[in-house]
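Model the full structure from these sequences, guided by the hints.
Protein chains in written order, with the working numbering: chain A, 1 to 435; chain B, 1001 to 1435.
The reader is advised that the hints may include incorrect statements.
[As the list claims (entries may be wrong)] Examples of chain B residues lying across from chain A (beta carbon under 8 angstroms, computed): (1) P1066; (2) N1087; (3) E1095; (4) P1096; (5) A1101; (6) T1126; (7) R1207; (8) P1284; (9) R1303; (10) E1328; (11) G1329; (12) N1333; (13) T1335; (14) Y1340.
[Claimed, not checked] Calculated from the model, a selection of chain A residues having no Cβ within reach of chain B, i.e. all distances over 12 angstroms: (15) Q82; (16) A99; (17) V188; (18) A302; (19) L322; (20) A327; (21) G356; (22) D357; (23) N388; (24) H403; (25) A433; (26) V434; (27) H435.
The hints are simulated quantities; they were obtained by calculation from the structure and are not laboratory data.
Glycine residues also receive a C-beta, built at the ideal position from the N, C-alpha and C atoms.
Protein chains: 2
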Amino acid sequence: MVNGYDGSRAAELPAATRELIARRDRALGGAYRLFYDQPVSFVMGSGVYLYDADGNAYLDAYNNVPSVGHSHPHVTETVAKQLGTLNTHTRYLAEPLVAYAERLLATHTIGSVTGNAEAQAMFTCTGSEANDLALRIARHYTGATGVIVTANAYHGVTAALAEISPSLGPGVPLGSHVRVVPAPAPGVNFTAAVAWAISDLERHGLRLAAFLADSLFSSDGVLPDPAGFLAPVIETVHAAGGLYIADEVQSGFGRTGTHMWGYQRHGIAPDIVTMGKPMGNGLPIAGLAARPDVIEAFGRQARYFNTFGGNPVCVAAASAVLDVLEAEGLPGNATATGGYLKEAATRLADLSPVLGDVRGAGLYLGIDVITPGTAGEPSGKLAAAIVNGMRERRVLISATGPHGNVLKVRPPLPFAREHADQFLTALQETVEAVH
Amino acid sequence: MVNGYDGSRAAELPAATRELIARRDRALGGAYRLFYDQPVSFVMGSGVYLYDADGNAYLDAYNNVPSVGHSHPHVTETVAKQLGTLNTHTRYLAEPLVAYAERLLATHTIGSVTGNAEAQAMFTCTGSEANDLALRIARHYTGATGVIVTANAYHGVTAALAEISPSLGPGVPLGSHVRVVPAPAPGVNFTAAVAWAISDLERHGLRLAAFLADSLFSSDGVLPDPAGFLAPVIETVHAAGGLYIADEVQSGFGRTGTHMWGYQRHGIAPDIVTMGKPMGNGLPIAGLAARPDVIEAFGRQARYFNTFGGNPVCVAAASAVLDVLEAEGLPGNATATGGYLKEAATRLADLSPVLGDVRGAGLYLGIDVITPGTAGEPSGKLAAAIVNGMRERRVLISATGPHGNVLKVRPPLPFAREHADQFLTALQETVEAVH
Chain A
1 MVNGYDGSRA AELPAATREL IARRDRALGG AYRLFYDQPV SFVMGSGVYL
51 YDADGNAYLD AYNNVPSVGH SHPHVTETVA KQLGTLNTHT RYLAEPLVAY
101 AERLLATHTI GSVTGNAEAQ AMFTCTGSEA NDLALRIARH YTGATGVIVT
151 ANAYHGVTAA LAEISPSLGP GVPLGSHVRV VPAPAPGVNF TAAVAWAISD
201 LERHGLRLAA FLADSLFSSD GVLPDPAGFL APVIETVHAA GGLYIADEVQ
251 SGFGRTGTHM WGYQRHGIAP DIVTMGKPMG NGLPIAGLAA RPDVIEAFGR
301 QARYFNTFGG NPVCVAAASA VLDVLEAEGL PGNATATGGY LKEAATRLAD
351 LSPVLGDVRG AGLYLGIDVI TPGTAGEPSG KLAAAIVNGM RERRVLISAT
401 GPHGNVLKVR PPLPFAREHA DQFLTALQET VEAVH
Chain B
1001 MVNGYDGSRA AELPAATREL IARRDRALGG AYRLFYDQPV SFVMGSGVYL
1051 YDADGNAYLD AYNNVPSVGH SHPHVTETVA KQLGTLNTHT RYLAEPLVAY
1101 AERLLATHTI GSVTGNAEAQ AMFTCTGSEA NDLALRIARH YTGATGVIVT
1151 ANAYHGVTAA LAEISPSLGP GVPLGSHVRV VPAPAPGVNF TAAVAWAISD
1201 LERHGLRLAA FLADSLFSSD GVLPDPAGFL APVIETVHAA GGLYIADEVQ
1251 SGFGRTGTHM WGYQRHGIAP DIVTMGKPMG NGLPIAGLAA RPDVIEAFGR
1301 QARYFNTFGG NPVCVAAASA VLDVLEAEGL PGNATATGGY LKEAATRLAD
1351 LSPVLGDVRG AGLYLGIDVI TPGTAGEPSG KLAAAIVNGM RERRVLISAT
1401 GPHGNVLKVR PPLPFAREHA DQFLTALQET VEAVH
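Written out as structure tokens, the structure is:
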């Protein structure tokens, strides 16, 4: 795994850390991974900082879940109040759930392709559950099973999603109904690749249920440009009778700055949109929005009850997140600080032999790490050194992409210019140190 | 769906309720269902009571999620404190997660069949995610795909679980690798049925990955007796190379009174145990515990990261639940009140032509509703009338079983004798009124 702890430097760790890792290895299943050569432990979070037990502040340029900032008081207070009042489920009638669904749906542009813009929502606890449900809905609607994803896609951890998530690696086989297309990088005719995958499915007697894509192609290395390149893809998918599922778990809730949702940067209207990570600022809430005619077949044939999905406490958290996004103008800040960060990182990359292309939208940046002296050859090894070097300088990032060489920078949205400067100073020091 | 609102009595509802239902139908996908002929809405919960907007108290004899009681102050305070301090994820090192895993594992008796008793834990957000992960683990370990479940089993809502959950109805097809056995009712040789299903799988070229069962067979109609009948089943499953997965989402965390886990009533040591609903008293946390040799293959071939799974806030809630279970002696109360309730309900059933068999363990009761004058013919219609009649008397229950005729009684665990008496009085009045 990119940025995974492998124990090779365990001898350098404090004894207490080594002991805790040993207890952890005994008590937790081996599929768990820690970050960093030297794992880090926090006791407190506030705004864009995390603090260790010695009171050291780490600048968080990585975590997109606490999107409105760590331990945001409005979220904490709203959740605590609701938790002390009432927590039930969706089989009792509740106005706040309906009101939140209406508020969320008002931010979307779904299904205008078919002239049917009144979307409907369903709630789950995790992005995985949302994508899994979206697949079930797509299969009921289309009567088909074929799925197309990108080469290093990640869509979740359920059995049905693991088999459409090539980034989980060769130990986790893809399904026979799944086709993989190259990521939309320069030189790739992405629409043609999707069309080819559709015809290949059909040659195998399968039809397309859904094309599923993270609107920022995060695990493929952060590929946002040029905005609009997804427009012909959705047409191709629709022509084959398939649905376009926009996975907004990474790109949603104002992260890209200019738009509430990543798909809106591309000017498209997906059939189903899935949401997750930042939705409740860390409280487990996720969900989907879909064309009502798409969702209808599923509702007729199946009932859906997710015990905790859409419960009053998680809905209160999600409402509080929308409150803060609006009140603090966080999407606007994502545009401003994100633009500043991208420009400065590009200047830094121009001067550094180890940094290559810088891409991004709002507060989601991908910075290529390359082997010096080559024409941009990806270096996962140097990227890992930079990620660990940044951790030593108390700045949290990670890496992504098929070669693990793309620095992944996606801080909480209250990230201000001073935080960007702190990040840039640490990055400059680190790249100078590793090369 | 059993106890589902179908709108047939919408005209009797207050205008505000009708309007809210209309808004809900527009905003939420059609797979959602409401309870009762006349849906109910709550604004507050405390202990074993829920309150509507007019201040009416409803005795909650149904909800097993708020297991230590609605809005329990210790849970609320613990969660609020953690939420205001730190909420991250399992890729940073955290002692409380390890400590909770150790505390949870200490309550289990897993894998002693193979002499390997040191179980390991993994955390998810929902029982569905836990069962889905258990299936993935079982398939990696056994290299097989076959699954055996009971006739009206329900194990969750992911794509992989929907196809092993016959209770979701004919609109949701079972997988071709799934075999269904009759529920373990009187007259059924359950072990022989499992053995037959194994041989049928093998005749189709499939091997058994897992036998999966709710230790109380809740959706099959609540079938707890005689304790111990599962012992030969686990031997049969092991002899075929399969794993025994105990689904403790319904029966776990002291609900059965005499034991922390439903499988322990049967004196068996499963290979994997899945947990959910009451684990965080309504905060979304769930997970599994498994033999380390079973979990090992999965950890070698796959990584597992559940963004919110095992996060500090949900783990704090789960720890608080264990605190309260111990401090308030709730499993003991489940035994005492549950025993009282079962005895009194049995006396009531002996006198009533519409009530049949009464079954239960601790505070999980199933009461058969039958057509009067028959030899116990199930009546889903009369059961629905009783459930709705209880709601009119402000006592919450529901119904279950393949015929929808088994009253499902599983209150929060602080249910005391006075609450049992209130329940019994309402039940007596209701059965007299419906017949």
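Exercise for review: Hint by hint, work out which the structure violates, then give me just those numbers in ascending order.
Suggested key: 4, 7, 10, 11, 12, 13, 14, 15, 16, 18
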